[in-house]
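For the protein sequence lines, the chains are A and B, in the order given.
The opening position of the first sequence corresponds to residue 1 in full-length UniProt numbering, with each subsequent residue numbered one higher.
The opening position of the second sequence corresponds to residue 1 in full-length UniProt numbering, with each subsequent residue numbered one higher.
Derived from the structure by calculation, the hints contain no laboratory data.
Be aware that one or more of the hints could be misleading.
Only pairs whose alpha carbons sit at most 20 Å apart, straight line, appear in this in silico SDA-like list of lysine to any residue [as the list claims (entries may be wrong)]:
no., chain 1, residue 1, chain 2, residue 2
1, A, K84, B, L102
2, A, K85, B, M1
3, B, K268, A, T4
4, A, K5, B, R13
5, A, K85, B, G10
6, A, K84, B, L3
7, B, K12, A, N88
8, A, K85, B, G6
9, A, K5, B, E28
10, A, K5, B, S83
11, A, K84, B, F85
12, A, K24, B, Q98
13, B, K4, A, A86
14, A, K84, B, E269
15, A, K121, B, F85
16, B, K31, B, E269
17, B, K12, A, Q48
Covered by chain A, per the in silico footprint, the following chain B stretches (three or more residues, Cβ under 8 Å) [said to hold, decoys possible]:
no., segment
18, 54–63
19, 100–108
20, 243–254
As the structure is a computational prediction, the values presented were derived from the model and not from experiment.
Idealized CB from N, CA, C, for every residue including glycine.
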Amino acid sequence: MNTTKRIRVIIAKPGLDGHDRGAKVIARALRDAGMEVIYTGLRQTPEQIVETAIQEDADVIGLSSLSGAHLHLFSKVIELLREKKADNIIVIGGGVIPEEDIPELKKMGIAEVFTPGTSTKDIIDFIKSKVL
Amino acid sequence: MNLKQGILDGDKRAVARLISLAENGDPEAFKVIKELFHLTGRAQIIGITGPPGSGKSTLTDKLAKELRKRGNTVGIIAVDPTSPFTGGAILGDRIRMQDLTLDEGVFIRSMGTRGHLGGLSKATHAAIKILDIYGMDYIFVETVGVGQSEVDIVKTADTTILVLVPGLGDDIQALKAGIMEIGDIFVVNKSDREDSDRLVTEIEMMLDLKQGDTTWRPPVIKTIASNNIGIEELLSKAAEHFDFLISSSLLKSKRIDRIESEIISISKERFIDIIYNNPDTSVSIRELSKEIYEKKLDLYSAVDIILNNFNRKGVGLC
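Next up, chain B with everything else stripped away, as it sits in the complex (with noise of 0.2 Å):
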């Protein structure tokens, strides 16, 4: 299958298998991508994030059917946790996307964190930009249920939309640095359950408590996802801060932060794939690790060998 063709002529296996190689880290895709780079950019990235359970996949179900209603494509990408035993998972969130599966203008993919702290997978970005050349209107990324600090959605999305339901904590919550800090739109989900105005207070007074930039202040919108309500609304506040990105020049601003922190953790990347696994240039960590052990050496001095012995042989970087 030449892959490159396949996703300009929208073949959904070319589109799957560029991301099962980006997965794995094959060099295959990461060459289509580069030379298809000029058509990335085009898509709308929506983040949703949340607490287990808080209903994150029925509500990326109810904006994307409602999307499609209005002609829009929409691309999905739905990340669960990676067992840090086995290295296997279980990727159930389709289950609540079953009506999407045979819509032509939706593409889901699940994606195992694999080791990668955050909230999403390694490979969760080049996924982002295949199914933007594939040619998606709308991504979604669907984190995995996170806790208190798996925030590395704020910084790949255009638009957080953090999920929230009634019960889970009390307001000290609210007050603590890491989830409560990203939303760009707080949805209190299951709004029927008891407590639901509680939360929302608790989400407004925080709000109010915010420093600094205070051009956009998010909003908080009550849902009941299974039944279809509040979508529409949370639909037109996403289309808000969207807009409000794009006027307040925030956009450009947000995707090269974005582009920065990629080139560091793909650099990152290569560079201890390069060390661990060159054979010009690696030193055996293990057996470093062992005089270390032995207290022979200590860390400091171990890494300066490493990086001395990288510096003297580094070649070969690409």
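In isolation and in its complexed conformation, chain A is listed as follows (with noise of 0.2 Å):
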């Protein structure tokens, strides 16, 4: 039958901050790039984001986060993601984040960090660098 994969991917915006313009553009730039975007909402606790991600069968989470409280809710994400034993799930990063953290998260398992200004374009190759 002819159908083929489509990349699957879950933009999230974990914790209290309450602005998703920078999540809904990237969102936007997927779509457009033929992927399905499971888009959440704001203020998603890390339990409902992998939840959301194992019942959407996802390749990727995008976590988004403006309030300073990356380092704790990334890191939420991942382990119940080891947990679940969804761990093939590719987790993304994007948001204000300081540089300096940015070797913490990947260390923890973030597969990649977009600050502020990066290109959707990179966002696309990486995703597809890391799915196809």
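Hints are included, so try docking the two chains, each in its own frame, into the full complex.
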């Protein structure tokens, strides 16, 4: 049957910050690159994000954080994915994230961190290189 | 992961993976469904359809919560449009169902239409079967925001709920063929808005004109889904409709109709796949198209060529 695999990406905002324009821009760019983007809305707990990724059989989780709580929230997502044996799902991060935190995020298992100013093409290329 | 064992053990990852495989046309999904087919047919399938912005997701969320209170399990398939230009999609119905995500008795899956017309996705039927095998008591299928002719849901659901909101058109809209004909239950959502009573009257008047089978008169229910108003009444009407289907033997004929249309659509797909992709039977449709463009050939003769070629070599159908 003539269907093919689509890359499925969860775009989620963990924690309490209330702005999601950046996340929506990314979601739209990924859509325009032919991906299926499941947008979960604001103020998600790591538990909700991981459960959504499992039910949606996502290839990638994109986490956006502006609140400064990224180290805590992102690590919780990674931990839960391992617990649920779903750590084949690639996690990327974005938002307001200080340069000095990036090595630590990568060490905990975040595949890549995209800070403000990154071109959406870089994000698309990164996802494609990891999933396809 | 052993998907067959996984779904029988209630592993959500297995369910999720099976739905993806079905969406991608992977034979592994159909193999598992074949083997567990005897477990399908248990759930009540409820379609939720209506124009964009009418509140289908919020309504689905509230209905699912009420059913969970009563101890039932609920599967939800939420379909959103795929871009015809890029093949991508933003699937955003989960935003209205956030509280259900962590509920053990609920499974929500978003699907893009992936080029399928009619308000559903081609793999929706397979996803329904997978959730049915998984043991969900109720399966809600929320269509894309429909216009006037996206009526596939009526062939898919046991009970179709058509959600409307005041202010979308005059009463001639209610007389046209298509969407207005498919409701087993009509919902006027956001009924705190002006003109909701007029909409109810218009729907009732349209129903008065209905000819033919009049054994089930679709009820018209006012809801304000965001405030949880009208939800219990809607559920009791859905139950009433299901009882009616069973007592009148309509459930059986409806489901046999559905199976028939599924056989036809799966056969069509397979056949097209064989003509396009099987090296033994395919002819270059692209080449034929060029010849037709140059008027060396006409459309109908080209189809004869394809079918004759298939007849001569038509082996390897499975």
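Evaluation of the provided hints:
no., hint, result
1, A:K84 <-> B:L102, "13 Å, holds"
2, A:K85 <-> B:M1, "11 Å, holds"
3, B:K268 <-> A:T4, "18 Å, holds"
4, A:K5 <-> B:R13, "17 Å, holds"
5, A:K85 <-> B:G10, "15 Å, holds"
6, A:K84 <-> B:L3, "16 Å, holds"
7, B:K12 <-> A:N88, "15 Å, holds"
8, A:K85 <-> B:G6, "13 Å, holds"
9, A:K5 <-> B:E28, "14 Å, holds"
10, A:K5 <-> B:S83, "15 Å, holds"
11, A:K84 <-> B:F85, "36 Å, violated"
12, A:K24 <-> B:Q98, "18 Å, holds"
13, B:K4 <-> A:A86, "18 Å, holds"
14, A:K84 <-> B:E269, "36 Å, violated"
15, A:K121 <-> B:F85, "18 Å, holds"
16, B:K31 <-> B:E269, "17 Å, holds"
17, B:K12 <-> A:Q48, "14 Å, holds"
18, 54–63, "violated (count 0)"
19, 100–108, "holds (count 4)"
20, 243–254, "violated (count 0)"
Checked against the numbered hints listed earlier, the structure breaks hints 11, 14, 18, 20; every other hint is satisfied.
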